[in-house]
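Novice: Each chain, letter by letter, is given below.
Number of protein chains: 2
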Amino acid sequence: MSCLDDEDTFKILVATDIHLGYMEKDPVRGNDTFVTFNEILDHARKNEVDFILLGGDLFHDNKPSRKTVHSCLESLRKYCMGDRPVQFEILSDQAVNFHYSKFPWVNYQDENLNISIPVFSIHGNHDDPTGADALCALDILSCAGLLNHFGRSTSVEKIDISPILLRKGRTKIALYGLGAIPDERLYRMFVNKQVTMLRPKEDEDSWFNLFVIHQNRSKHGATNYIPEQFLDDFINLVVWGHEHECKIAPFKNEQQRFYISQPGSSVVTSLSPGEAVKKHIGLLHVKGKKMKMEKIALETVRTFHIEDIVLADHPDLFNPDNPNVTQAIQAFCMEKVELMLDTAERERLGNPRQPEKPIIRLRVDYAGGFEPFSVHRFSQKYMHRVANPKDIIHFFRRREQKEKKEIDLNFEKLVSRPAEGTTLRVEDLVKQYFQTAEKKVQLSLLTERGMGEAVQEFVDKEEKDAIEELVKFQLEKTQKFLKERRTDAVEEKIDEEKKICLIHVELHIYYYCEKDGRYNLFVAFCIGLGKSTRTGQA
Amino acid sequence: MSCLDDEDTFKILVATDIHLGYMEKDPVRGNDTFVTFNEILDHARKNEVDFILLGGDLFHDNKPSRKTVHSCLESLRKYCMGDRPVQFEILSDQAVNFHYSKFPWVNYQDENLNISIPVFSIHGNHDDPTGADALCALDILSCAGLLNHFGRSTSVEKIDISPILLRKGRTKIALYGLGAIPDERLYRMFVNKQVTMLRPKEDEDSWFNLFVIHQNRSKHGATNYIPEQFLDDFINLVVWGHEHECKIAPFKNEQQRFYISQPGSSVVTSLSPGEAVKKHIGLLHVKGKKMKMEKIALETVRTFHIEDIVLADHPDLFNPDNPNVTQAIQAFCMEKVELMLDTAERERLGNPRQPEKPIIRLRVDYAGGFEPFSVHRFSQKYMHRVANPKDIIHFFRRREQKEKKEIDLNFEKLVSRPAEGTTLRVEDLVKQYFQTAEKKVQLSLLTERGMGEAVQEFVDKEEKDAIEELVKFQLEKTQKFLKERRTDAVEEKIDEEKKICLIHVELHIYYYCEKDGRYNLFVAFCIGLGKSTRTGQA
Chain X
0 MSCLDDEDTF KILVATDIHL GYMEKDPVRG NDTFVTFNEI LDHARKNEVD FILLGGDLFH
60 DNKPSRKTVH SCLESLRKYC MGDRPVQFEI LSDQAVNFHY SKFPWVNYQD ENLNISIPVF
120 SIHGNHDDPT GADALCALDI LSCAGLLNHF GRSTSVEKID ISPILLRKGR TKIALYGLGA
180 IPDERLYRMF VNKQVTMLRP KEDEDSWFNL FVIHQNRSKH GATNYIPEQF LDDFINLVVW
240 GHEHECKIAP FKNEQQRFYI SQPGSSVVTS LSPGEAVKKH IGLLHVKGKK MKMEKIALET
300 VRTFHIEDIV LADHPDLFNP DNPNVTQAIQ AFCMEKVELM LDTAERERLG NPRQPEKPII
360 RLRVDYAGGF EPFSVHRFSQ KYMHRVANPK DIIHFFRRRE QKEKKEIDLN FEKLVSRPAE
420 GTTLRVEDLV KQYFQTAEKK VQLSLLTERG MGEAVQEFVD KEEKDAIEEL VKFQLEKTQK
480 FLKERRTDAV EEKIDEEKKI CLIHVELHIY YYCEKDGRYN LFVAFCIGLG KSTRTGQA
Chain P
0 MSCLDDEDTF KILVATDIHL GYMEKDPVRG NDTFVTFNEI LDHARKNEVD FILLGGDLFH
60 DNKPSRKTVH SCLESLRKYC MGDRPVQFEI LSDQAVNFHY SKFPWVNYQD ENLNISIPVF
120 SIHGNHDDPT GADALCALDI LSCAGLLNHF GRSTSVEKID ISPILLRKGR TKIALYGLGA
180 IPDERLYRMF VNKQVTMLRP KEDEDSWFNL FVIHQNRSKH GATNYIPEQF LDDFINLVVW
240 GHEHECKIAP FKNEQQRFYI SQPGSSVVTS LSPGEAVKKH IGLLHVKGKK MKMEKIALET
300 VRTFHIEDIV LADHPDLFNP DNPNVTQAIQ AFCMEKVELM LDTAERERLG NPRQPEKPII
360 RLRVDYAGGF EPFSVHRFSQ KYMHRVANPK DIIHFFRRRE QKEKKEIDLN FEKLVSRPAE
420 GTTLRVEDLV KQYFQTAEKK VQLSLLTERG MGEAVQEFVD KEEKDAIEEL VKFQLEKTQK
480 FLKERRTDAV EEKIDEEKKI CLIHVELHIY YYCEKDGRYN LFVAFCIGLG KSTRTGQA
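Protein chains in written order, with numbering that gives the first Met the number 0: chain X, 0 to 537; chain P, 0 to 537.
It should be emphasised that the hints constitute simulated quantities derived from the structure, not laboratory data.
One should not assume that every hint holds.
Since the list gives no way to pick one copy over another, a pair counts as held whenever it fits inside one copy or between any two copies.
The calculated EDC-like cross-link candidates involving lysine to aspartate or glutamate, where the alpha carbons are at most 16 Å apart (straight line), are [claimed, not checked]:
#, residue 1, residue 2
1, K251, D231
2, K101, E73
3, K77, E47
4, K294, E244
5, K77, E110
6, K246, E346
7, K66, D132
8, K24, D132
9, K251, E346
10, K45, E298
11, K10, D41
12, K45, D82
13, K335, D60
Kindly generate the complete structure, drawing on both the sequences and the hints.
Specialist: Below, the structure is given as structure tokens:
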């Protein structure tokens, strides 16, 4: 498939899950996301792309810090404004494409802004619209005229995805976008035929149909992902956001006969093997109905190396009955880490902006009667050479792992339905729950205070979306805590791995209306063990 | 003094203390600040001003909500962008004037932005720079290219105010700005000659010297304000922000021979007489060294009416010994309120954007053996006719008032210095303090939880500016609580008046370094009675 760039060729820079502000308070890793975002924008400028297409989670936090918003505005203004003319036109009704915007037209056509590289983005699950105002962080950027937020559906009954129709020379692209929606809900809507992709009236088949989506692609539970075959087969290319592993080379779904490109994140947010795959962004060329995806390796991403050791596989080296075996294990791990540090050093790309300290993760399966050594003391040794000294080592037992299943606590036991008329105080329910859950779930208490407040807030508001806000708030709060605030007390209970895979906090709120119109609430925390909806995507 | 507008005349729209986002969650008053901000910008456009000059507190919250930032960006983009050419030039070194900005030049000279009305603003005490990044909400706007934040001094030892030099035709303005600084500190710096206003080298006297400042102007304690005579006498006009009472007509300081214009706020944030003065903004004409300040009445400001009753002044009407006197008083107050509602209705300006429900405040001096009636029941009656039903009535006793003095609690008694080596937990200190303070200070407990968290946050960070952040956070939190979240429990203890004048929460943190380098902390709340630094400015 030939693809000489000419006046008929779209050049599109494709990236996703940039997670601006991730770990921004970490003295070592705090700037990583901003540095790489600038690299991405610089690639766009150097390659003189027609536009940038982002697949969601530009921001890590739903309400990004002032510093993060400020840096983002700075980068967009620096790289995406200028005199280079934009060479494609928009044929669709922009008032429809951007209907929820205060400035419902593409930014490069605004006569007061001099845009050289328009950015189009859907929102992810991290930066999705929340609150009574139903705004998201992207809307700040679009209101400032620096980004085009699209693919937002405002109805929960029915989703009509109406494409932005782009033309450059003789090439026509129908750009479809769908911002993140809870997987279960979207799955249900697909099944119930509530999702429709609208098609241009005249000569349907002359369009290159590009769809960008931000959902679980790999299966996390029965309906907790979006099967590829749910997507219309008239699509030519799907850009799949949310999954952090870089699988950017278009992969053909034989059944649907469309291609899927999964750019992956531009920052490591979980210490899992998927994140160790080299990070890339894509330079997509589209001419007529032909396309080519060029990989661009990101040079400023902090290197991440992960390896596994199974102690039981080295009977020659480790004998559980040997009193000094633990020292032997520790020494062995240290050698390993040293080797990984060497590899990391060799693999650095010599880009002055690439951070020096690598992220190192050594997973030690100590099944077979071995004892873990003190991770804390081990970490001390690498304080100055590793970006994540606190969680270099992760001990686990494979057998243990196998046994783990998705189990939920039984709330009926924990929270009994109140007698008619009586009003249960939400706080009491929560307390009651925590008291019962405590033994089982060490961590739950850590969020109790936040809990009380959050629920209070919800009760004050009595708005539907307050529930969502609340859940998001709780999840973020818990994850934040686990990531940033963890104390020695919980140190050995948690590590990066478990955080992602084992601890999966969900807030369940059941409420029904009393005759007098007052709401009564059931509140419960669900601590799921085993795979979580967040696996691999932080 | 004649002032025909011509190519030598600057037309400057002057406003301050717009407090965007004030009470944004109030179902009735939530939009007031946004509506009036749009009116102000519309006046600027209709009058084809050369620029807008703001005196600080554009935002009410240091970290404004997403909605507030979004609305602000929307308004600025709508009103301040366009093709009308800007007709003045800047002669000073902009890299100096805007040295802390990522885009250190005035927005209308940015070739990528089409600005028709440049906005220049200093920051106020509400939206001043905080945090490790030392950014303020205005910096988001300036980074987006929609506002020019100036008058920021980054040193605490020495303040050199270097003016922005503007020229239009034959008129030259030296624009000096000084963003809000804690009054005591700035007072001290003035006394110690640490504040210098730089002057243009060539023909000093040909400049019209305009200075905008955001500090206490009226005396709140010995050094808790900035005396006018502190300001250099070469200044021609001072635009004084922070004080909410509109005294916009230039008032001559005979000693210094300069004029002072105090525009006042564009929204009522405290139910004090000063806020009842009709709200205006100014249209300042400057030609050569002559000026004229034109008052523009704001038409969208919610009307506010305040009156006092002294029961003891009506022996004919009220006899404390009469068993039914309380009903009589209540009936009398109701008549009063009805009359005030009539006046309010008459005084509405017929602008469709002006909110209908007025703010009403009736202050009742019940000294002389009278009893207050239930404010709560009284409020019910006006739920649908008044914007502030909960605090229409304010009972007070004049004698009582007289007795009140500035008293601070003695912390040595409350918090005893820990024995060498022992480490006191901050939370314990706070608890300890609250337990002791409780009897004296009913309100302190309301913020205890927030307290615990805030202090925790500080402890995590161990940054100097975290303390400031923390104090600000606490003050805001408390004020917010008093304004928005107050419950019947505290209803009669607080009202708008006392909130401003009597309750004055301050967080005191003393910390010293242990031999081992650990910090030990003393934390205490100071609840001052009597005048507070916040009097009259919310």
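Novice: Give the relationship of K294 and E244 under a CA distance limit of 16 Å: within one copy only, between copies only, both, or neither.
Specialist: within (14 Å within a copy, 62 Å between copies)
Novice: At most 16 Å between C-alpha atoms: does K335 with D60 qualify within a copy, between copies, both, or neither?
Specialist: This pair counts as neither: shortest intra-copy Cα distance 35 Å, inter-copy 51 Å.
Novice: If the cutoff is 16 Å on CA atoms, where do K101 and E73 land: within, between, both or neither? Let me know, please.
Specialist: Cα proximity of K101 and E73: across copies only (7 Å, versus 21 Å in one copy).
Novice: Pop the pair K77 and E110 into one bin, within, between, both or neither, using alpha-carbon distances up to 16 Å.
Specialist: This pair counts as between: shortest inter-copy Cα distance 12 Å, intra-copy 18 Å.
Novice: Please work out whether the CA atoms of K24 and D132 approach to 16 Å or closer within one copy, between two copies, in both situations, or in neither?
Specialist: between (28 Å within a copy, 11 Å between copies)
Novice: One pair to classify: K45 and D82, alpha carbons no more than 16 Å apart. Within, between, both, or neither?
Specialist: Within one copy only: 14 Å inside, 31 Å across.
Novice: Measure nothing new, just compare the shortest in-copy and cross-copy C-alpha distances for K10 and D41 to 16 Å and report within, between, both or neither.
Specialist: within (15 Å within a copy, 42 Å between copies)
Novice: How would you label the pair K66, D132 (within, between, both, or neither) given a Cα cut-off of 16 Å?
Specialist: between (22 Å within a copy, 7 Å between copies)
Novice: Given identical chains, is K251 near E346, meaning Cα to Cα at most 16 Å, within a copy, between copies, both, or neither?
Specialist: So K251 and E346 fail the 16 Å test inside a copy (31 Å) and across (71 Å) alike.
Novice: Between copies, within a copy, both or neither: which fits K246 and E346 at Cα up to 16 Å?
Specialist: For K246 and E346, the Cα distance exceeds 16 Å both inside one copy (20 Å) and across copies (67 Å).
Novice: Using 16 Å as the alpha-carbon threshold, which applies to K45 and E298: within, between, both, or neither?
Specialist: within (15 Å within a copy, 51 Å between copies)
Novice: When no copy is named, should K251 and D231 be tagged within, between, both, or neither for a Cα gap of at most 16 Å?
Specialist: within (14 Å within a copy, 75 Å between copies)
Going through the hint list in order, the structure does not satisfy hints 6, 9 and 13.
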